[in-house]
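Chains as they are written, first to last, in our numbering: chain H, 1 to 501; chain Y, 1 to 325.
Please note that a few of the clues may not be correct.
As the list claims (entries may be wrong) - Taking beta-carbon pairs under 8 Å as the criterion, some of the chain Y residues facing chain H (in silico):
1) Lys193
2) Val199
3) Ala200
4) Ala207
5) Gly212
6) Gly270
In case anyone wonders, no lab produced these hints; they're calculated from the structure.
As the structure is a prediction and not an experimental result, all values here were calculated from the model.
Idealized CB from N, CA, C, for every residue including glycine.
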Amino acid sequence: MSEAIISVRALDKRFPGVHALKAMDFDLSPGELHCIVGENGAGKSTFIKLLSGALKPDSGSITVKGARYLEITPHLARELGISTIYQENILAPNMTVAENVFLGRERTRGGVFVEYARSRGEAQAVIDGLGIPLRAEAMVERLSPTEQQFVKIVRALSSQPAVLILDEPTAMFDLTEAERLLKLVNDIRSQGIGIVYISHHLEEIVRIADAITVLRDGVVVARHESGQRVTPTQLALEMVGRPVASVSRTERPFKPGEVILRVRELRRTPGSQPISFDLHRGEILGIAGMVGTGRTEIVRAMFGVDPRAGGSVRREDKGLEIRNPTEAITAGLGFLTEDRQRTGLAVSLSVAHNVSVAGLDRLGRVFLNLARERRLVQSLVDRLSVKTPSLGQEVRFLSGGNQQKVVLAKWLFKDVDILVIDEPTHGIDVSTKAEIHRWMREFVAGGKAILMVSSEMPEVIALSDRVIVIRGGAVAATLSGDEISEERLILSSVGRAGQEE
Amino acid sequence: MSERPEGRGGLATVMQRIGRSQAAVIAVVIVVLSAAIAAVNPVFISLTNLFAILLQSSVTAIATMCMVLLMVSGGLDFSIGSIISLSCVVMAKLIGAGYGAALTALIGIAIATACGLINGLIVAKSRCPPIIITLGMLYVYHGLALNVAEGKFLSLGGKFELLGSSRLWLIPVPVLIAVAVALLTWTLLIYVKYGRRLVAIGGNEDAAFLAGINIDFHKITAYTLNGLIAGLAALVLVSRLGSVISTVGADYALRALSAAVIGGVSFQGGKGTVGGAILGVILLGVVYNAMNILGISSYYQSIVLGAIVVAAVVFSNLGALRMRR
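Excised from the complex, chain Y in its bound form (with noise of 0.2 Å):
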């Protein structure tokens, strides 16, 4: 009896070409936005600057693909900023008492790996919504890092300084860890059966069920890969660091989170490349790094961003607006 009125077709496939185009919306402002840059300041566009971007770019880089990786299953970590910060202290702990730098990153990504796993099976078992649920374990993961770097400044001894600093073929090694990340991450949601029964998880969960999708299965798998993701982003930051303190990776949630939603990555679940997520991230590199060179006040910094943020969602949200009426 509710039939759809043919004649909706339009206005929908217009909206659709919207939706999808958001990351053509974004990569045109920052190609536009980088022209006004140069422009301003020639420095912008120095091959040093813009390798500086992509690296300094390249651990948000990776964590984003934690988040693209969840929210298109249906599920979110708010905890993972906490995750890379207890990794990092751990590593940096292990190489004070002269473990060597292969087996503290191991250990460092096998503990970021566990506090994953530990996520999963509580989002999963439980049924609560994750975002409650990790913001729990994002104060809990928190008071871990604290009570392993009691305050302190841990010093990385240098040790992982070549990998941070290294580049093969010109390209910083930090850098090329995230495109190999991005790519992965690519890969599972296109072409692996994993990363397509999560996809129809998140974009619907009771119907994946009646498909036979075993969802708890793939809620856990997830969530812990995403905390191998975010060791892997815990290595590559002490990597870039001399030493670490208990909040260092604090602000990488919010970023990867502002990042993936900015490159149209759905809360809804279901939607979201990592294409756009991509471009989210290098997004809000360029706006950091131009904010430095024309010297505005970092205290703007934050204003801006979150403004970005907003206009993003807003914009990504206007088709399903306008489908309403």
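If we strip away everything but chain H, and leave its shape as in the complex, we get (with noise of 0.2 Å):
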């Protein structure tokens, strides 16, 4: 293999509470795929975005032809033509594809006028290069996740990088979409473009990289080099690694009450999978799955929040059925979102306001009881121990922590019988983790029932009774009691546990 383009040494990265990369080496050759594998949060993410210059290391080199760096700016990735294809939308969609091709690099007459005829030419080159059925001056929100995904390629191409990064870019693909942009990376790839690529999917991943990298909790684990032969499974196995004994799975007799809640044949979409599931009292049950596979439309869909194209939610023991969140509430149900800046909470409100604008028929027809208020809400503010100065404080000026609790407080108040919580403890610190874990349990323990959908496999594990893994938005497995490991969960997400059993 000819002189590395990028090698790594010992780079290092801390945020608060958590060591996301430690010491890890790296090397890319021109013309190759180097593949990085590893749960959510192993260190995927950060590591690309040490290379890309969005993040600071706090030790360790980069070099890069060459030349070596303690640190990339964005500005430094550009010279050195490292161009970075993220998860996230980055395209305008009000403007063409040649437009957003050239954006922040726009071809000008004199650097003011641009030129628009010669963009569209240059970007239909590129596109024309790659042999890729797209036209430059096609609007951008009029494509398919997948021509955009095309667009952002094309816009990295047009830089003519020596490497690129991609970042999960068949994540919200199906077979034969994934196929094309497969094949698109591979004609990449013999320009001699050096390549990061980031993915769940294993089987792809077998089948294209030159190189793999395994990473665990910010360590690579393994690293399996051109020729050698390696599994899917295999690498699922390097990527759990962990003793599985390691994960606190508390020993509890699983004896499922009544169903509370039903899910049949839900739809989000009339091309998505049908999704049925019982919920039952005294129950924790977890969805768990890659991110991106669609958990969390699930449960939106299933709360109301957004419109379904078929299938039915009833809250089985009252006859309710439920089609949008006012229903849902109305039925007992309480949603702590996934976002609790966003859509959990008015952070420029109250304590109270928070707590109890979901039960405000607590405090009266027409007229609000405030003493009372003020008297429930610091019960709830004491029992989960919501650490704050007074009830009149904003909750922006709360702890991460602390807010989830004010959530979980809002909940309490209106008196739900089923919580429909996504990812539980996001960002949250270990011992606030560990309480919002034991109070979970108490809930459920007085014959209410939880859906909760995390990220978090040692999360999921500990908790759950019952576990829904996602794949491809459907139910890929159902597992329960001692099915219940990290292995199983994994295998099933990347989808080999069905034809090993």
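Take the two lone chains and join them into the complex the hints point to.
Rendered as structure tokens:
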């Protein structure tokens, strides 16, 4: 293999409370496709952000084309020809493909007047060179997700990069779309560009990769060079790595109560897979799966936040249909969303206002009994030990963990029977995390039920009585009791469990 | 992973205190300003003049309650000036046609309420920014008022004079109406479930929706209430004038918005108090009055008022500005 285009040595990065990347070594040659795999939070994104200049390393070095750098800035990354395509959409939907391709590097006459014809021509040349059916003058908002992904790639390639970094480019794609993209990536590799490729799809990785680096908890745990044969199962086991026993799964006999919520043939769009499951009293039902497989979308559709194409959600014991949030709340459901700041809280309002908002009916028919509100909110604040100087404190001044407790308190104030919790402890410190976990167990112990979406395997394993694994928007497996292990979860998430049973 | 460092707590509390005390700052400014004006011209603090200030402020005060109600719930209505004008010219026209004062007043208020309902329906159902929708409706209602008035001065025949000039316990009736509207708005926002839900929508519409609050219902009714209050403002306005033209209320939208903003009502919704907004109204009233007493050219008045609005907004944003660093 030729001289390395990028050599990373002992790269290290910490965030408050997390050692995200520990002394990482990594090499990439021209024309090499190097895949990085790992669980959610293993450090993959941190690594590519360090390469692209979005983050600054704490220590270590990055050598690009023979020159050694202690830190890469976005500007330097551009000069060095390191081009990154992130998962999030970074296109301007109201502009054409060509305009997006040259955004920030507009083709101009005299540095002032944009030359539309020239940029269209140059963009089309890159597109045709890749053999993609795409018109440079098309508006981006009219394109399919795959085509938009192509535009990002065209944009990255139009700057003639030496290195292309792809962060889960096929995450949202179905099989045929993914095939198109993989073929394209193959073509790019043959042009001599080095590619760093991140994906959860282990099958596609073992097929296309020249080299594979496996990350776990910020550490490189395995490397597979070209020529070595490796199976998806082997990769999955390396990703899990840590002895399964290290995850504490509290021993408890699972005795499901009556069905409290029945979900049947739920579809978000006419084309999406139907989802069916039951939620029982006394149960925490976990929804697991890789990021971007549609877990959040399923619970949102279930709660009636987003419109659905079909299916029914029913509070079984009360015989209530749930079609929108108002009906969901009437039926005794509460929803803790993934993004508490954006959809869970009014951060400029007080703790008291946020806690009582869903249950104002408890405070009177027309007029509010403010003394009663203070008393009830105070007792919840005490029970959940929310750290706040007063009930009048604006929620934005609380820490993430305390904000999450305020959202919990909101649904306790409403006195719900069923809680839907999307990422219960996202971005929350360890001790608060333990408190919230303990509280969740207490909640269901009284005959209530929780439906929990979580990206953190240990959390899913420790808390769930049963787990539904989602893959490609459909239920791939249902696990209960002893079946709930990290290995089984990973294997079902990446799509091997079925064949091996 | 993005835990807020605990050390910020101290700074945060200070910022919050400043944010909360905007009303207190305005109150201090009013007192100091009044003392200064009185030192130059003692006429300013005569009882007659103080009542004159309140009387002159009464329509603005009522219109400001429209703004508070909407802004707190994340809305806005630029068209209330036109709504007030339309209501006024219709009332004048009815008086001219021989209708009685009571029926005229009812119809005038009903028309303003209907305008509010229309605004609410469009804003809630289209989900478009209220600033644009109500800007458009401003022209629509203005056009209607022009058609009704046909460019003429319409006399009110002194039918509402009693309302505008009489006093109850020494206090002019228009001032009493303004106080009543302010108290009702205050009660609504603090003690009534409906008002609390408006505040929740203004704080975070998505969160309110997920908490089971019927967003459309609350938006539509808030704009309708806003129209009703604008109708009351129109009634008080005609009671103080002998005749009206089609642009009689035009100033009040911006004046009310200015008073609300000076008093600390936030454009982002969820924040603002009736007390603060009333202080904003009084500050504007004092400044207008003082400039007249001190003989400052009306050409300068606009500049001074604009500067006050800008200063108040910059001041209220200081906290947020510092938080960002």
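These are the hints, each one checked on the structure:
1. Here the hint on Lys193/Y is kept, as its CB sits about 5 Å from the closest CB of chain H, short of 8 Å.
2. Nearest Cβ of chain H to the Cβ of Val199/Y: about 7 Å, under the 8 Å cut. The hint holds.
3. This hint holds: Ala200/Y has a C-beta 5 Å from the nearest C-beta of chain H, less than the 8 Å allowed.
4. Evaluation of the Ala207/Y hint against chain H yields a held restraint, the C-beta minimum of about 6 Å falling below 8 Å.
5. Because the smallest distance between the Cβ of Gly212/Y and any Cβ of chain H comes to about 3 Å, under 8 Å, the interface hint for this residue holds.
6. For the restraint placing Gly270/Y at the interface with chain H, the shortest Cβ-Cβ distance is roughly 5 Å, inside the 8 Å limit, so the hint holds.
No hint from the list above goes unmet by this structure.
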